[in-house]
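Engineer: Letter by letter, the chains look like this.
Protein chains: 10
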Amino acid sequence: MEFLVRTENLLPNDTPDEVRNRLKSGERERAMELRAEGVLKRLWRVPGRNATIGLYEAADSAALHDALVSLPMWKYMDITVEALAAHPQENQQ
Amino acid sequence: MEFLVRTENLLPNDTPDEVRNRLKSGERERAMELRAEGVLKRLWRVPGRNATIGLYEAADSAALHDALVSLPMWKYMDITVEALAAHPQENQQ
Amino acid sequence: MEFLVRTENLLPNDTPDEVRNRLKSGERERAMELRAEGVLKRLWRVPGRNATIGLYEAADSAALHDALVSLPMWKYMDITVEALAAHPQENQQ
Amino acid sequence: MEFLVRTENLLPNDTPDEVRNRLKSGERERAMELRAEGVLKRLWRVPGRNATIGLYEAADSAALHDALVSLPMWKYMDITVEALAAHPQENQQ
Amino acid sequence: MEFLVRTENLLPNDTPDEVRNRLKSGERERAMELRAEGVLKRLWRVPGRNATIGLYEAADSAALHDALVSLPMWKYMDITVEALAAHPQENQQ
Amino acid sequence: MEFLVRTENLLPNDTPDEVRNRLKSGERERAMELRAEGVLKRLWRVPGRNATIGLYEAADSAALHDALVSLPMWKYMDITVEALAAHPQENQQ
Amino acid sequence: MEFLVRTENLLPNDTPDEVRNRLKSGERERAMELRAEGVLKRLWRVPGRNATIGLYEAADSAALHDALVSLPMWKYMDITVEALAAHPQENQQ
Amino acid sequence: MEFLVRTENLLPNDTPDEVRNRLKSGERERAMELRAEGVLKRLWRVPGRNATIGLYEAADSAALHDALVSLPMWKYMDITVEALAAHPQENQQ
Amino acid sequence: MEFLVRTENLLPNDTPDEVRNRLKSGERERAMELRAEGVLKRLWRVPGRNATIGLYEAADSAALHDALVSLPMWKYMDITVEALAAHPQENQQ
Amino acid sequence: MEFLVRTENLLPNDTPDEVRNRLKSGERERAMELRAEGVLKRLWRVPGRNATIGLYEAADSAALHDALVSLPMWKYMDITVEALAAHPQENQQ
Numbered sequence: 001m002e003f004l005v006r007t008e009n010l011l012p013n014d015t016p017d018e019v020r021n022r023l024k025s026g027e028r029e030r031a032m033e034l035r036a037e038g039v040l041k042r043l044w045r046v047p048g049r050n051a052t053i054g055l056y057e058a059a060d061s062a063a064l065h066d067a068l069v070s071l072p073m074w075k076y077m078d079i080t081v082e083a084l085a086a087h088p089q090e091n092q093q
Numbered sequence: 001m002e003f004l005v006r007t008e009n010l011l012p013n014d015t016p017d018e019v020r021n022r023l024k025s026g027e028r029e030r031a032m033e034l035r036a037e038g039v040l041k042r043l044w045r046v047p048g049r050n051a052t053i054g055l056y057e058a059a060d061s062a063a064l065h066d067a068l069v070s071l072p073m074w075k076y077m078d079i080t081v082e083a084l085a086a087h088p089q090e091n092q093q
Numbered sequence: 001m002e003f004l005v006r007t008e009n010l011l012p013n014d015t016p017d018e019v020r021n022r023l024k025s026g027e028r029e030r031a032m033e034l035r036a037e038g039v040l041k042r043l044w045r046v047p048g049r050n051a052t053i054g055l056y057e058a059a060d061s062a063a064l065h066d067a068l069v070s071l072p073m074w075k076y077m078d079i080t081v082e083a084l085a086a087h088p089q090e091n092q093q
Numbered sequence: 001m002e003f004l005v006r007t008e009n010l011l012p013n014d015t016p017d018e019v020r021n022r023l024k025s026g027e028r029e030r031a032m033e034l035r036a037e038g039v040l041k042r043l044w045r046v047p048g049r050n051a052t053i054g055l056y057e058a059a060d061s062a063a064l065h066d067a068l069v070s071l072p073m074w075k076y077m078d079i080t081v082e083a084l085a086a087h088p089q090e091n092q093q
Numbered sequence: 001m002e003f004l005v006r007t008e009n010l011l012p013n014d015t016p017d018e019v020r021n022r023l024k025s026g027e028r029e030r031a032m033e034l035r036a037e038g039v040l041k042r043l044w045r046v047p048g049r050n051a052t053i054g055l056y057e058a059a060d061s062a063a064l065h066d067a068l069v070s071l072p073m074w075k076y077m078d079i080t081v082e083a084l085a086a087h088p089q090e091n092q093q
Numbered sequence: 001m002e003f004l005v006r007t008e009n010l011l012p013n014d015t016p017d018e019v020r021n022r023l024k025s026g027e028r029e030r031a032m033e034l035r036a037e038g039v040l041k042r043l044w045r046v047p048g049r050n051a052t053i054g055l056y057e058a059a060d061s062a063a064l065h066d067a068l069v070s071l072p073m074w075k076y077m078d079i080t081v082e083a084l085a086a087h088p089q090e091n092q093q
Numbered sequence: 001m002e003f004l005v006r007t008e009n010l011l012p013n014d015t016p017d018e019v020r021n022r023l024k025s026g027e028r029e030r031a032m033e034l035r036a037e038g039v040l041k042r043l044w045r046v047p048g049r050n051a052t053i054g055l056y057e058a059a060d061s062a063a064l065h066d067a068l069v070s071l072p073m074w075k076y077m078d079i080t081v082e083a084l085a086a087h088p089q090e091n092q093q
Numbered sequence: 001m002e003f004l005v006r007t008e009n010l011l012p013n014d015t016p017d018e019v020r021n022r023l024k025s026g027e028r029e030r031a032m033e034l035r036a037e038g039v040l041k042r043l044w045r046v047p048g049r050n051a052t053i054g055l056y057e058a059a060d061s062a063a064l065h066d067a068l069v070s071l072p073m074w075k076y077m078d079i080t081v082e083a084l085a086a087h088p089q090e091n092q093q
Numbered sequence: 001m002e003f004l005v006r007t008e009n010l011l012p013n014d015t016p017d018e019v020r021n022r023l024k025s026g027e028r029e030r031a032m033e034l035r036a037e038g039v040l041k042r043l044w045r046v047p048g049r050n051a052t053i054g055l056y057e058a059a060d061s062a063a064l065h066d067a068l069v070s071l072p073m074w075k076y077m078d079i080t081v082e083a084l085a086a087h088p089q090e091n092q093q
Numbered sequence: 001m002e003f004l005v006r007t008e009n010l011l012p013n014d015t016p017d018e019v020r021n022r023l024k025s026g027e028r029e030r031a032m033e034l035r036a037e038g039v040l041k042r043l044w045r046v047p048g049r050n051a052t053i054g055l056y057e058a059a060d061s062a063a064l065h066d067a068l069v070s071l072p073m074w075k076y077m078d079i080t081v082e083a084l085a086a087h088p089q090e091n092q093q
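Protein chains in written order, with the UniProt record's numbering: chain A, 1 to 93; chain B, 1 to 93; chain C, 1 to 93; chain D, 1 to 93; chain E, 1 to 93; chain F, 1 to 93; chain G, 1 to 93; chain H, 1 to 93; chain I, 1 to 93; chain J, 1 to 93.
Keep in mind the hints are simulated off the structure, nothing from the lab. Careful: at least some of the hints might be erroneous.
What the hints assert, rightly or not - A short, non-exhaustive set of chain D residues, derived as facing chain B with CB atoms under 8 angstroms:
| id | residue |
| --- | --- |
| 1 | Leu4 |
| 2 | Arg35 |
| 3 | Ser61 |
| 4 | Leu64 |
| 5 | His65 |
| 6 | Leu68 |
| 7 | Ser70 |
| 8 | Leu71 |
| 9 | Tyr76 |
| 10 | Ile79 |
Predicted, not measured: the structure shown is a model, and the values here were computed from it. Note that the Cβ used here is the ideal one computed from N, Cα and C, for glycine as well.
Next up, chain A with everything else stripped away, as it sits in the complex (with noise of 0.2 angstroms):
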């Protein structure tokens, strides 16, 4: 199943940078994970925003939230979820 998955990151201004730049890596390092599962298969940036748009897809939302939460930056980031449902016309491709 997949969702509609919209993070804000809040991480505040002040971070300093060795803990910014941690974060930052063990965030791309965690999301290839994810990627290599087939549980992250889309990332988008909104524009002019320190924000994602991402195309997940997992077992349920319960699989999702725990992908969501192993993120390093989580804790930092406001996210909202919104499930997708399949469409018929997808598979008259």
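Fit chains B, C, D, E, F, G, H, I and J to the given chain A structure using the hints.
Structural biologist: Using the frame of chain A, we list chains B, C, D, E, F, G, H, I and J on its own:
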């Protein structure tokens, strides 16, 4: 996977009684089937409104969508769905 | 009478682990008591967020308020309550 | 238990006077009965609008719903209900 | 003239107990005076929140403003006021 | 006591010219009376819309409500009222 | 450039079946063409609603607008478009 | 003084083609006049919608209002206006 | 040209009295100057809040902006401006 | 492709003047470069606020994002972007 489903019934006030009654009894009948199938688990009224909040369980969003569309009143209802994630505390009981 | 209760946990990110853990274990303990008393009937996570949706039962709004205030995390939570009305269909099962 | 009840009257402007008058007098009559029963405790107009704010008392949300549905104008009204919790200060008077 | 007054108490969580208690007892004392003067007529809690809904009566908005500002907790509260219009039905009782 | 009053004119586009003109001239006439009585103190257009913002003065909300209802266009308007409180700076001039 | 496109289908409930079916089959046919052209890349249903979320790719907003207007159901749909920015992480795969 | 003007065209779908075409050509003609007068400076489409965003220049809000009302489609449009303030950076070019 | 200006004063509660008083007296002084210049025409309090609604007159939005920025409290205020259009009825008096 | 870009400057009030001035001059310098490159085409102030509305042109959303992030004040700004579609009327001039 569970979902919280809100419905607002927008059936026009000038709908003939005969049509309204047929829709309402068909709605009740189909709802009881969804209960028997374990899809509709709880149903509440929003006090003061022709509206409900329901707790549904379905394999995924597409299965939930099919269940909701199967309700005779569907095309007269404004429906919003919120995906729920199982809370680990539930298993500690 | 049943209520739908949404909580957003706003505990600051820089809360010391010791304080956070004490609050979380106290929260879990009190929640289990409320379950045992039949006040907290179901609990879900809002996927992606440090937030929950709960189904509560209490004699009235004041009793519900007292139950929510008794949670150790209460003062760090933004809570909204929605009163639910029993639906006659529930009794037809 | 007390509730704050907002109503917006959406009766169409082209409703025949005879129907409108019958609805209004029926509404007033039923409201006076609800007052006599102690269900409708106070009623205000929202200035400038065909709308009211009422203070109701009922055993629970379902009883309140039944009282509101019993109003002849109900099906033409958009109603929102807010559950109120007794404040301990009230008892100190 | 009557007003519906909503307050959200935003006193910071890290306020010293001594300050908090002094504010709360001062608030209660001033509220009882406003009751005695017929300005504060009813008070409810918003269930689950550190918030209230109050029914006030004052000569006009400016007199209401002065009454609200006289509450010791005022500068920590987010307050919204809604002017109520007397409903002619009230006089029919 | 002064009030800020917003009106959105929702008279249907297919209203016959004769009806529209009668409503508009009646509206203007009644508005001039309210000005003469000191109830309507200022009137502005919301640029681009069939809408106005008005500054009214009335004894209380109920008197304002009666004034607004007395406008022939009232039943076609969506009106919102905001109570204003006199600012002490006004008296320093 | 990619876009997230939300559509709410507002075709009136009383549309004759013949018209509705013609619109739906025309819509499907045009959508398949847009897929073949690489304009419509993914399509989901919003669960419970007669609504979709689509992932589109077009040279710019004007080209996207032309593609959406070419859908036979366009004039019955409320559409909102959100511009997506490519995320550099996508190229790291 | 410049203004940002948003229009949503709400002309009913069942408007006869003859009426629609007359309105559209009249709209285009009047818009070209407003361009020639320097009132309408730029016009964009909101992608996916029958809506526009325009940059207008007028002596003041009342002159802008008159220009917008002079558009034949005006009574079918929902218009919102936002006043822009010249930015000193513009003069540094 | 006239404008409706709303201000919310967000000066932090822990601002030293000396700073607060200096800001307030400077604010009052500058406001009186703006009144003398005919820029600030009316000022109201939003009842219950540290907020005002003002009626301003300025040559255009840029002149209004300069007037508002000249207020010592400006950087602590959240301000929203609404352009008003003169109503022809005003001239009929 | 053109974009409408809104910025709210959230630089804290207690930022040292030296830092603030460096950010502002850097912002102006970078903005003038973006103007020279044809990316920033127009800039307005939102009257009364530390906020701007800008008209930008960029190859796509990603290029716009890079331009906005290159502004020294970027991390202190809340930015929202709206994609504009060229209107065919523009070419008729």
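Engineer: Compare the structure with each hint and give your call.
Structural biologist: Going through the hints against the structure:
1. The beta carbon of leucine 4 of chain D is not positioned within 8 angstroms of any beta carbon in chain B (closest approach about 11 angstroms), and the interface hint is therefore violated.
2. Because the beta carbon of arginine 35 of chain D sits about 18 angstroms from the nearest beta carbon in chain B, more than 8 angstroms, this interface hint is broken.
3. Interface hint status for serine 61 of chain D: upheld, as the beta-carbon distance to the closest one in chain B is roughly 4 angstroms, under 8 angstroms.
4. For leucine 64 of chain D, the interface hint holds, the least distance from its beta-carbon to any beta-carbon of chain B being 5 angstroms, beneath 8 angstroms.
5. Taking 8 angstroms as the C-beta cut-off, the interface hint given for histidine 65 of chain D holds, the closest approach to chain B being about 5 angstroms.
6. Interface hint at leucine 68 of chain D: satisfied, since its Cβ lies 5 angstroms from the closest Cβ of chain B, which is below the 8 angstroms cut-off.
7. About 12 angstroms separates the beta-carbon of serine 70 of chain D from the nearest beta-carbon of chain B, more than 8 angstroms, and the hint is not met.
8. A cut of 8 angstroms between beta carbons decides the hint on leucine 71 of chain D: the least distance to chain B is about 10 angstroms, and the hint is violated.
9. Annotation: interface hint on tyrosine 76 of chain D holds; nearest CB of chain B at approximately 7 angstroms, less than 8 angstroms.
10. Taking 8 angstroms as the C-beta contact cut-off toward chain B, the hint placing isoleucine 79 of chain D at the interface holds, the least distance being around 4 angstroms.
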